[in-house]
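Q: Each chain is listed here by its residues.
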Amino acid sequence: MSTDARKSSDQLKRAKQKRRLHMSQETRRRRGIYNSFDWVTFGLFALLLLVSVIVMSTASANAMSDDSGYYLRRHLFMIAVGFGVFVAVTLFDYRRYKDFLTQGYIIVCVMLLITLIFGTGDGANRWIFGVQPSEAAKVAMIVLFAAYLDQNRKRLKEPKFVLQSMGYMAIPTGLIFMEPDLGTSLVFIVVMLVMLYVAGANRRVFGAVIGIMAAFIAIIFVTLFIYTKGFNENLSGDIPWIPLHRYQLMRLAIFINPDMDALNTGYHIIQSKIAVGSGGLFGKGYGNGTQVQGNFLPEHHTDFIFSVISEEFGFFVTAAILCLFMVFLLRLMNKAFFARDFFGTLIISGISAMMIFQVFENVGMAMGIMPVTGLPLPFFSYGGTSMITNMAAVALVFSVSLRGRKV
Amino acid sequence: MIKLKRPQGATVAQEKINKRLLVIYLFIIVLFVILVGRLFFMQVVKGQEYVSRSDSNIYRTITLPARRGTIYDRNGNVLASSQPYMSVQVYPNEVEDLDALADQLAKLFSSDEVFEAEQSARKNIAQSSLSETIANVSKQVQEQKKEAEREAAEKEKEQAEEAKNGGGTADTSALTPTEKARLGEAAAAVKQKSASSSAETEEEENTSAETEEDDINAAIGSLTANTKISKKEVLEILETGIGSYNAITVRTYTYEVGVTIAEIVAENPDLYPGVYVSEEPMRSYPNGYYLGHVLGTVGKITDTQLEKMTSYGYKISDIVGQSGLESYYEHYTEGGKVFSLSGQDGHRVVEVDAKNNIIDVISEEAPVAGNSLELTIDLNTQMHMEDSLKRVIAGAGNPKAIGGSAALIDVDTGGVVAMASAPSVDPNDFARGLSSEEIDYYFHEKLKPQMNRAITAGYPSGSTFKMVTATAILKAGVSPNDTIVCSEGSWALPLAKCHWHGGVNFYNAVAASCNIYFQKMAARIGEEALISVGLQYGFGKKSGIDLPSEVTGLLPTPEWKAQNNTGWEKQWHIYDTYYMSMGQGATVDTVIQLASCAATIANHGVRLRPYVCQSILDDEGNVLKTREPEVVDTIELDDADWDTITEAMRGVVSDGSGTARNLFGSLSGTLMPAGKTGTAQTGLAGDNLESDNHGVFIGFAPADNPQVAFACLVEYGGAGAKSAAYVCRDTFRAYFGYDVESNIILMDDLFVSSSQRDSDEDDEEDDEDSEEEAADVNRYDLLSEDE
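Residue numbers (the working numbering), protein chains in the order written: chain A, 251 to 657; chain B, 80 to 866.
Next up, chain A with everything else stripped away, as it sits in the complex (with noise of 0.2 Å):
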């Protein structure tokens, strides 16, 4: 292909593009636009974010006795809110948050350690003027935590920057998990190996990492068997040398054995099953989920919103939502290959990880297969900072996008 070809070429995508945004080529520059707005991408996250009108409306029905409709209210105004963060972050040059890389890291832990100290929340201390810290921290620290990266580009292959950067995510990591928030720091784990495994760390350092990791997991478990009998009897306190609750131990006790504790700990997980395997190929109908409306599913219209799904909607419904959110997720990761630079790249890679691990993780706690860690359901569960969060996180996406090589 000629110089001209290509020339040509691009001056006729520039000339629709420039139809379709409305945007001056000066406003582009300026904003170091230089590739197409993928529509596509943009109409399956519009769809995404429409099915989840429509479950939020069936789920939240009942989840406020005097105000059926509070939760779909709140839900549309953060979806509109959340739009406003989309547009601002997509035309936002996201290289110049490099510039912030030392200010974000200490504005993020300080957040991080105020809701620590003074968070409000059940059990836990998660919010502090109706914000969840833990949830922007997420997408916050996958800007940083590439930035750190990109700037050490040159140090990923020396063992002693590998544990560095592992020590950089974990002071944030460790706030979190001190509220206690096991499920948004284990987010942050998997983030921190998904990056560093795409930027190309030491293999060895890694895999070792990854080693220690897997045993210690494989050795809470087997502690679990021992305590709890066989995963028979329930946990009568916190194990002295394991860092977590009691709660907590309880839920990945149950995660093998829901039954042990049936009307407690493994009660949402028993109800959850039920709902989903109920609804069959077809789904109960809309509105006429006997586990939801009846509640016996508590928590449906938040971290159990998949089974609501499962349960009025019925097989074909939920697997073709599964695949909407494959395909969407898939086209978010394609774009990493086409950053413009290695920061771009680890950008996509961190937030794919982010969105593929919540996906996962609440969808198969909702089948029994994941234990259960209270991760929303992005874009479906409801809470405002988690939608606005995420939302920023796929215009994070189409920021490197729109900056990257051409496609």
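Careful, some of the hints might be misleading.
Straight-line alpha carbon distances no greater than 20 Å define the calculated PhoX-like cross-link-like pairs of lysine-lysine that follow [to be verified]:
(1) B:K84 / A:K263
(2) B:K98 / A:K407
(3) B:K225 / B:K236
By construction, these hints were calculated from the structure, which means they are not laboratory data.
Fit chain B to the supplied structure of chain A, relying on the hints for placement.
A: Frame of chain A, contents of chain B only:
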């Protein structure tokens, strides 16, 4: 759409990154495949399983209990009915803090309000039944049991010593004398109690009212002790239901108390989460222990019953008849039609939410009330028969006399007018659930109060069986005027001994119950003739009465002997015929068989099937089925011969030499009965052959135009004329309208007669003679007896 697009012309470093990105990319696909696969497994493969679990979450089937049918006597008196009862239930899955709830419930159950309501309810129960008396008896029995155990140890030592001295003949398997004496005391307590209550009805407002009040208060005092319940006990009950979505019944209360509790619970729903008070019917028998054996008891369905009855729609925890009519008509099929006392429970299927609020009624199936029964029983006669039987047992003077039974049959239909068995059963106790005291009483291995002795117990019937022999003699063509000499010279072995009667014809023989006459006549006509008449009377076979657990008894035949004996005894010998002619030897009869026999004589050979239930009614009182008299067998004999038999039996009660003369004097001439006494040797090891005899009496009245036939056997009652015949007289009096007033006279009679016993009787004196003889005759000689 998801086709991976990869840029061209990347650098080496970029290629490496792209490779790792590709791994992540594929990893995402794998994760989603896992999720969709799991979804498919749960919703499609295991879908049905989860649907049923989901259904069991939301659908609750509420049983709408069917009202059990009412049982009436022939005059419409209620004998058994279902009263509403209240049970306090808890749904444990609705309760967050079981401990706190247990605390609250324990406080509630022990609160003053509940206590007061309970007290007034208990008072009502105490007044309408005599169950407390029975509890008292059981208490005594309990104490005696312990004492007897203690004494048994000592006894053993003594016996061991005696055995050394060569004098050990006592049978350890029988009751020890002390125990017998104490059981006698217990029976006497019942007697006194019933005597005092009947006295009270007589004197009404006098001192009796006070004593009754005292008794009731004492009873309440003993009952309130277990109305208190501790938190721990409640918690234990609640904990049995953890993990279940079904209700746990914590306690049941009478209707009034239940209403009080329901009000308290409704006022403080926060204090009592998951607590419901629901109404349930409970069986109630307003006449207490009267007719208890015939009515039977109800109780929770047993495993074996459930196995049989599941196909009729019975389910676990159903209350079903366990004995008597309650059991017989629990599920009764006749002519392809099914009748059932219990009816068919209805069901209401409701949809509930997680807090058990009813969202919707899915379906409702109304309960079908059970069928009611109208019995042939006459309650008044029944009560007098039972009272009389108890008095006679208590006054028998033999410590072994603890039981007995009697039956009165309408000779025209075969319907049972009254049927008594002692010791008594109060079915209310079973409906309410037995206390430990009551268990001691009802499961006492010697008293056996639960056994309906009229149909389930077999005894040698003694001389009353001579009516069978008498019939056979006439049937064989023997003239009633043929005479047999009964004197010491003719008492040759193996003939059983007799009193001296001189020359006796048929009439004298029946009246005086001459052993020699019947033995010799039986030998003359042969055992075949005797057995065939016996079978026609229904001996050795079930009478076919509509009550469960009837026994056949035994009418020995040469075949039976050959099969059940060894050696010499395999053959039928002449003495077998002798003993059979007097209802001894291997003969075992039931009281209902004897009553049926008396009715057959009264009917000139037509034997009707005895029955208790006249009609089966629907819940509105319409007759669904009524029983017609059913002829089971007919003994062909000339009317003249039947008249001869009746005349002879009339002689028993009216003739100068009759064994039961003067007894029925108070019945006027037209009501004069015909009867036959019997004093049966028990044939049991350890019994004194001369004094430990069953008192038996059969009869019918009026002799000229029979209406009812009677049979009674008093265990260890001694001479039939001195025990069973009294029950007969009282029963006939009650039946023919000698009401309550005469009750008192009857009692006086009894005590007079028992005190005058020795001087009054001449036949008895002969017994003393025979006692002397007894020492040097063999076993067969001892077996014989007479009055």
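Q: Okay, which hints does this one fail, numbers in order?
A: none
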